[in-house]
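Each chain is listed here by its residues.
Protein chains: 4
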Amino acid sequence: MKTVSIGVIGGSGYSGMELLRLLSGHPGFRVVFATSERWEGRSLREKIPNTHALGDLAFCSMEAGLAQLGQCQVVATATPAETSLATVPVLLKNGVRVVDLAGSFRLRDAHLYPAYYAFEHTEKALLGEAVYGLTELFRSDIPKATLLANPGCYATAAAMAVAPFLKKQLLAEDTLVINAASGVSGAGRRASEDYSYMEIAGDFRAYRIRRPHQHRPEIAQTLARVAQRPVDLVFSPHLLPIKRGILCTVFAKTKPGTSQAHIEEALEEVFGGEPLVEVHTSPEDIRIASVAHRPHLQVAACVEGEKLIVLSALDNLLKGAASQALQNLNLMFGYPETLGLLYGEK
Amino acid sequence: MKTVSIGVIGGSGYSGMELLRLLSGHPGFRVVFATSERWEGRSLREKIPNTHALGDLAFCSMEAGLAQLGQCQVVATATPAETSLATVPVLLKNGVRVVDLAGSFRLRDAHLYPAYYAFEHTEKALLGEAVYGLTELFRSDIPKATLLANPGCYATAAAMAVAPFLKKQLLAEDTLVINAASGVSGAGRRASEDYSYMEIAGDFRAYRIRRPHQHRPEIAQTLARVAQRPVDLVFSPHLLPIKRGILCTVFAKTKPGTSQAHIEEALEEVFGGEPLVEVHTSPEDIRIASVAHRPHLQVAACVEGEKLIVLSALDNLLKGAASQALQNLNLMFGYPETLGLLYGEK
Amino acid sequence: MKTVSIGVIGGSGYSGMELLRLLSGHPGFRVVFATSERWEGRSLREKIPNTHALGDLAFCSMEAGLAQLGQCQVVATATPAETSLATVPVLLKNGVRVVDLAGSFRLRDAHLYPAYYAFEHTEKALLGEAVYGLTELFRSDIPKATLLANPGCYATAAAMAVAPFLKKQLLAEDTLVINAASGVSGAGRRASEDYSYMEIAGDFRAYRIRRPHQHRPEIAQTLARVAQRPVDLVFSPHLLPIKRGILCTVFAKTKPGTSQAHIEEALEEVFGGEPLVEVHTSPEDIRIASVAHRPHLQVAACVEGEKLIVLSALDNLLKGAASQALQNLNLMFGYPETLGLLYGEK
Amino acid sequence: MKTVSIGVIGGSGYSGMELLRLLSGHPGFRVVFATSERWEGRSLREKIPNTHALGDLAFCSMEAGLAQLGQCQVVATATPAETSLATVPVLLKNGVRVVDLAGSFRLRDAHLYPAYYAFEHTEKALLGEAVYGLTELFRSDIPKATLLANPGCYATAAAMAVAPFLKKQLLAEDTLVINAASGVSGAGRRASEDYSYMEIAGDFRAYRIRRPHQHRPEIAQTLARVAQRPVDLVFSPHLLPIKRGILCTVFAKTKPGTSQAHIEEALEEVFGGEPLVEVHTSPEDIRIASVAHRPHLQVAACVEGEKLIVLSALDNLLKGAASQALQNLNLMFGYPETLGLLYGEK
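Chains as they are written, first to last, in our numbering: chain A, 1 to 346; chain B, 347 to 692; chain C, 693 to 1038; chain D, 1039 to 1384.
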């Protein structure tokens, strides 16, 4: 098999670590460098479980990583959004393709960044070039991407829960109500009291309600593209006392006459052949425990009258970040989409 | 101070234990008996933390408890619903007042029981007599109650989150979307694999979506009474990997022109003087950790356009069960409503 | 009842918060001030659950607290050790009695501080005056204390597990092996990644093995005093993924001929009348869940041949800190020892 | 590569599930059948995460499994001990080799079974034939095994923590003190209140102290064989509020003159070349979080005077069960020992 050489910027965050673990087990990628300030000089194998196959590769500084761009065909950035905003243009200028796991190139409308990301977007030209990598919904865009914006974790869980019904034009034009809950790793690596064990264990709360979460416009952008009309929604994220996983509970009004059979047909039509989507018939079967440490999204829906409830679940570090990035990398470099993602494939 | 003598049927369930603990510290109640099959003959003090003040009282059988009805002015039932359905009529015939923490007398419409409680209601006459004890909303009904139906945990959290806005006629006649999540104690004491540590830890899931939860008609009944019109709603309960507490996230459409100021005024008007309700301005402040082990409900709301999000939280074993029962008992016997509920009151 | 006026320095740490909660419910103490940098100006009632009875008292700065010493008979210090080392002399000079929950006055040998506390002890004269407040073992010392050194959490759990057998001279002169495990609150309030939810949940590890924990010499000092000979020991603390509680598992060699009956007699003789010690017959009954949120220590022991295993458990924030401080305060001011400690006492 | 055909009896217990997952990813084994009462007829892929590679294989009954023995070269039994005691002779008579993950063939002395396993051993002849598969200590025995007794989880963690020092004759003949703590999966799949979330979360306790745990004689047997003398020990298991992992904290007395260098040399000599043992220098580095979901054992030790403390950690379902079984299966069938155990090996 050919080998694609890849660099990873931001290798000690939770998403970066998962991506490096997946790459270590992928037959078609070779990790050229992985940067980390905190672990510079330490071997990846020592700091990231189950990366034996990376041999003696050690974390390096951002500077040392950038010095090796010439040996890379692609670089993944798994950094805070501000860092990727500054770094991605440098990478592109050096002729490497980029998969950005941060959020800086997900929203096409530059005006949204100050309110949702707290920065002015300085690379507006790139926003038009970036390919949004929600693989199952926009698969045909991905192979040609030079700059791929890997979707947010909530944004993946929410958009995939709703898209089938918009595609099949089953929904009334009413406000979608998206409740979601995420494990703590969604907040990234934190040395703050808010994310201490004492604060998180035994608690559950909503956040980013008054000042809406940055994934809200990302969800709206995806759904508008799917529906080919604006889609109105509210989005309430919550913080769970678990390490990983997202559960999304969506309420929507259907068009009159929409039956459970229509709902199940829509899921089957849109996701039936998808290798990384598991469609269930019962919403009660959708559980974070069933998707943790797996690259799959699970979804089920039921309708009663015109009231539709959809449940979806995924691992925020995998289908919500690293494994979706690898799905996209596979497509960008001509590999089978699930290569390196399914344990034990032979 | 006078002393009211009380019996407790079902003293080894989580709600019954909390009620006995609270009664042990209350200056105006004397526990005559507490029944438990599993702990018959064992002292309450040994099995329930912080019940030192009950002295040597031991759990007895249901039969032995009923034999002491003559010494009781009131009995609290904290049993499965089927048990309370069979027991409450016996208690009433013996001339004691009853506070029922099970659900068998909450719904006034007997036709709802088969679908939601899986039994035919055999005491329809009593449904008309039962007083529904959501204290803050229906306080004036309670002093005279002979049979008090103590509200469900979710039903308290949800109804109190919405009632202020219905009372002030701020809501459009649109479907309320009520998402809620509860700690495991809400399911009662269970020896089932579903509630084992291995199944619960690290997981989060919805339940009773297709076959709706029995608290849905209870919420609808309360809100219809407050609004004086039918209120349409969906209710999605979820199971949290924590021991206790409920968080409720409600979405509603407001009437045009409803401002944040109107919302805050409604909360202030309805709950401003309530000793056991804490109104916050920020939805992000509403946390299970802040209400666990306390008799308070917390609530906050924010509106954006015509979209209202309300957050409420309570301890399912206290304001959702035992402490609300004691609020009601206080009113039924002429004590100050919060007597025995606030730690350290002097 | 008379009222003793008390100030609390360090009111926003976990031990300080528990002490303030207990004081709020105590009929014989009045809190004059409570200091906190982080919460200066905020009401205690708002920040510490179940302190309703403190009314509108707000946290103040250390400076503002010290300005009110004239109104206090006693001050409790619940700060880092370095802070209490600097503050206690000031308090004593102002004529108030002191209960120090930090560790700066527990070890009588000043030479131990650099190795175990990482500071040179600057108040050696006070070390001789300090009364070590392990209530059940040294009760007669306490009423007259001017400076009371409140014991460490591990030190209380470990010393009380062993003391009965040393007192009754049942142990061989062999190394005691003390394993202990504590909930995360034992480390105090932390904004560090080490104590983040992501690091703690699902983990268990030992710490302070090579550079021994500061409670090791404290345990050795207590046991030597009880045994009237030096006692050799190893101490291995571990960090549990729970919020509160300590379990201590001690191995000791007994003198030949020591039977289970001797062991149980020793526990009964030493602890039989103790209101806050629960002696069990089975080591398997000793559980953190049984002592959490309670002021009691639980203990049980079994011997097989000459091998003795003792289990003890306590709540590190209560019997390991705040409730033991209040036991001592009760004795210092002539109150019944358990006043304000047992829920619902009438 | 050749393919060894294997059957698994007891495929829905936690160890059986892990073994099936590992086998699904192993290039040299083909799973012929997997039995499960609870999941008979359901596909393995649906019930066990990350077993995609098993295709459509479905769980079958024990009877149906035994009917396929003719197609199997080896069978793994991951059942309760009583079941494996009854089943293993049947398997052997049918000419298949057996790896028994239950405990029924671990202890060579048949007299120990009634006290430790609560059954009379009915297959004493097989006890002499069984090969004890603690791979790193008894590697040369394993290739020829017909009946391999796969070690217990605690027994692996404890014996490997001590063996290097016994091998190098560094320990005094004094009692070893072995404290260990395990996640809940060690107790197997349970529908009992004792293992409910409500009982486990927030708790920590010892168990099997008075009636010692069945792994105590297993540890003693291994250590006696390594030391070539009887080894005296106490063993205190504890139950952790986590899903998986064991930490073992061992205290031993060394011979006079044993230095930290001697200790580290012993670990290096015995484990230096081991691919699945990680020797650390600091006991504080040994963490359950570092070994969970990995086939490795971690160990470190430090000596102070003649007091040695050793820490070891492993995943009870992997190195304590399924991955050690696969290590042994690899050796029994001529594969490299770590084949199929290291993620991403290429």
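Hints were generated in silico from the structure; no laboratory data involved. Note that CB positions come from ideal geometry on N, CA and C, so glycine has one too. Hints should not be assumed to be uniformly reliable.
Looking from chain B toward chain A, a few residues come up when the C-beta cut is under 8 angstroms (computed) [to be verified]:
#, residue
1, 399
2, 400
3, 403
4, 551
5, 582
In the SDA-like style, the derived pairs of lysine to any residue whose C-alpha atoms are separated by at most 20 angstroms in a straight line are [unchecked claim]:
#, chain 1, residue 1, chain 2, residue 2
6, A, 167, A, 208
7, A, 253, B, 607
8, B, 513, B, 607
9, A, 47, C, 739
10, C, 739, B, 621
11, D, 1205, D, 1063
12, D, 1281, C, 739
Right, here's what the structure says about each hint:
1. Taking 8 angstroms as the C-beta cut-off, the interface hint given for residue 399 (chain B) is violated, the closest approach to chain A being about 27 angstroms.
2. Hint on residue 400 (chain B) is violated. Least Cβ distance to chain A is approximately 27 angstroms, over the 8 angstroms limit.
3. The criterion of a C-beta within 8 angstroms of any C-beta in chain A is not met by residue 403 (chain B), whose closest approach is roughly 31 angstroms, and the hint is violated.
4. Residue-level restraint check for residue 551 (chain B) holds (minimum Cβ-Cβ distance to chain A is 4 angstroms; threshold 8 angstroms).
5. Checking residue 582 (chain B) against chain A by beta carbon gives a least distance of about 5 angstroms; that is within 8 angstroms, so the hint holds.
6. Of the pairs offered as hints, the one joining residue 167 (chain A) and residue 208 (chain A) is violated, with about 29 angstroms between alpha carbons and a cut-off of 20 angstroms exceeded.
7. For the suggested pair residue 253 (chain A) and residue 607 (chain B), the alpha carbons sit about 29 angstroms apart, so the restraint of at most 20 angstroms is broken.
8. Proposed proximity of residue 513 (chain B) and residue 607 (chain B) is supported: the alpha carbons are some 16 angstroms apart, at most 20 angstroms.
9. Restraint check: the Cα-Cα separation between residue 47 (chain A) and residue 739 (chain C) comes to about 38 angstroms, which exceeds 20 angstroms; the hinted pair is violated.
10. Taken as a hint, the residue 739 (chain C) and residue 621 (chain B) pair is honoured in the structure, with Cα atoms around 17 angstroms apart against an allowance of 20 angstroms.
11. With a CA separation close to 35 angstroms, the supplied pair residue 1205 (chain D) and residue 1063 (chain D) exceeds the 20 angstroms bound.
12. At roughly 33 angstroms between alpha-carbon atoms, residue 1281 (chain D) and residue 739 (chain C) are farther apart than 20 angstroms, so this suggested pair is violated.
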